[in-house]
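Peer 1: Sequence:
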Amino acid sequence: MRTLLFDTETKLAGEMRYGRYLVDGQPGPLPDYLVELTVIQLDAPEPEENEVVEIADPVADIENGQYLLGWTVRPMNEAELAALNPIPDEVAAWRLRVVVERAGLKPVIDAVIASLDPDNQMVAKEAYYGGTTVRRDSPLLDAVIQVAQLTTEQKNGLFIQAANLPG
Numbered sequence: 001m002r003t004l005l006f007d008t009e010t011k012l013a014g015e016m017r018y019g020r021y022l023v024d025g026q027p028g029p030l031p032d033y034l035v036e037l038t039v040i041q042l043d044a045p046e047p048e049e050n051e052v053v054e055i056a057d058p059v060a061d062i063e064n065g066q067y068l069l070g071w072t073v074r075p076m077n078e079a080e081l082a083a084l085n086p087i088p089d090e091v092a093a094w095r096l097r098v099v100v101e102r103a104g105l106k107p108v109i110d111a112v113i114a115s116l117d118p119d120n121q122m123v124a125k126e127a128y129y130g131g132t133t134v135r136r137d138s139p140l141l142d143a144v145i146q147v148a149q150l151t152t153e154q155k156n157g158l159f160i161q162a163a164n165l166p167g
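UniProt numbering numbers the first residue of the sequence shown as 1 and each following residue consecutively.
Calculated from the structure, these hints are not laboratory results. A hint or two may mislead.
Okay, derived cross-link-like pairs now, SDA-like style, lysine to any residue, Cα gap no bigger than 20 Å in a straight line [unchecked claim]:
(1) 106 x 161
(2) 125 x 153
(3) 11 x 24
(4) 106 x 81
(5) 155 x 108
(6) 11 x 62
(7) 106 x 137
(8) 106 x 62
(9) 106 x 153
(10) 106 x 146
(11) 11 x 45
(12) 155 x 122
Between beta-carbon pairs, the in silico distance windows are [stated by the list, open to error]:
(13) 72 x 27: 32 to 42 Å
(14) 101 x 42: 45 to 55 Å
(15) 103 x 59: 15 to 25 Å
(16) 104 x 135: 55 to 65 Å
(17) 103 x 1: 19 to 29 Å
(18) 52 x 104: 30 to 40 Å
(19) 73 x 117: 51 to 61 Å
(20) 84 x 135: 35 to 45 Å
(21) 129 x 152: 17 to 27 Å
(22) 47 x 8: 26 to 36 Å
(23) 50 x 117: 31 to 41 Å
(24) 32 x 76: 51 to 61 Å
From a predicted model like this one, the values you see are computed outputs, not experimental measurements. Ideal Cβ placement from N, Cα and C applies to all residues, glycine included.
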């Protein structure tokens, strides 16, 4: 059994210990402002998707002689969500081509490539159709994003989807 001494005046808990507060091997008298509480650790809940379980502020239940250690559940913040789905700087070209096709953006890519001068057209075709990887900061990709009027979040979403394709 874990216990601690709780100061009812300052509302501060002492150090947790195993067993009771003893003086010469016997339960000792305590000043009026101190109470010995049994520490109760509540079971942590199972979080839903995109939630985090954290230790809650403890609750001193003096009436029942308990010091409750519980949990709180909160939504993940943006940094935690980003860590779950990191945005890759680069993906395999075939993966991005699959995602672009599914998103209906292939005609936009073809139009952007067709709008380039012949030298750049050849480079863009080779990069997109024959390249092994596509970088998120690719000038061709930026041109497609601009023509398609996609947001940065949508562009990042394409890369996350591409990175998560099976195969």
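Peer 1: Against each hint, give a clear statement of whether it holds in the structure.
Peer 2: The hints, checked one at a time:
1. Taking the CA atoms of residue 106 and residue 161, the gap is about 16 Å. The hint holds against a cut of 20 Å.
2. With a C-alpha separation of about 25 Å, the suggested pairing of residue 125 with residue 153 is violated against the 20 Å cut-off.
3. Distance restraint check for residue 11 and residue 24: the Cα-Cα separation of roughly 27 Å exceeds the 20 Å cut-off, and the hinted pair is therefore not satisfied.
4. Of the pairs offered as hints, the one joining residue 106 and residue 81 is violated, with about 29 Å between alpha carbons and a cut-off of 20 Å exceeded.
5. Simply put, residue 155 and residue 108 have alpha-carbon atoms about 14 Å apart, close enough for the 20 Å limit, and the pair holds.
6. Between residue 11 and residue 62 the alpha-carbon distance is near 11 Å, which keeps this suggested pair within the 20 Å criterion.
7. For a cut-off of 20 Å, the pair hint linking residue 106 to residue 137 stands: about 18 Å separates their Cα positions.
8. For the proposed pair residue 106 and residue 62, the alpha carbon gap of about 67 Å is over 20 Å, so the pair is violated.
9. The hinted pair formed by residue 106 and residue 153 meets the criterion: a straight-line CA distance of about 19 Å does not exceed 20 Å.
10. Taking the CA atoms of residue 106 and residue 146, the gap is near 14 Å; set against the 20 Å cutoff, the hint holds.
11. The suggested pairing of residue 11 with residue 45 is violated, with an alpha-carbon distance near 27 Å, which exceeds 20 Å.
12. With a CA separation close to 24 Å, the supplied pair residue 155 and residue 122 exceeds the 20 Å bound.
13. Distance hint check: the CB atoms of residue 72 and residue 27 are about 34 Å apart, consistent with the given range 32 to 42 Å.
14. Distance hint check for residue 101 and residue 42: the Cβ-Cβ separation is about 50 Å, which falls inside the suggested range of 45 to 55 Å.
15. Under the hint 15 to 25 Å, the C-beta atoms of residue 103 and residue 59, about 50 Å apart, miss the expected range.
16. Hint check: residue 104 to residue 135, Cβ distance near 22 Å, so the stated range 55 to 65 Å is violated.
17. Residue 103 and residue 1 have their C-beta atoms about 60 Å apart, which leaves the hinted 19 to 29 Å range violated.
18. The beta-carbon spacing between residue 52 and residue 104, approximately 36 Å, falls within the hinted interval of 30 to 40 Å.
19. At roughly 57 Å, the beta carbons of residue 73 and residue 117 sit within the given window of 51 to 61 Å.
20. The given range of 35 to 45 Å is broken by residue 84 and residue 135, whose C-beta atoms sit roughly 22 Å from each other.
21. Distance hint check: the CB atoms of residue 129 and residue 152 are about 25 Å apart, consistent with the given range 17 to 27 Å.
22. About 34 Å separates the C-beta atoms of residue 47 and residue 8, a value consistent with the hinted range of 26 to 36 Å.
23. Distance hint for residue 50 and residue 117: a CB-CB separation of about 46 Å, inconsistent with the stated range 31 to 41 Å.
24. Between residue 32 and residue 76 the beta carbon distance is about 45 Å. The supplied range of 51 to 61 Å is therefore violated.
This entry does not satisfy hints 2, 3, 4, 8, 11, 12, 15, 16, 17, 20, 23 and 24, going by the numbered hints stated previously.
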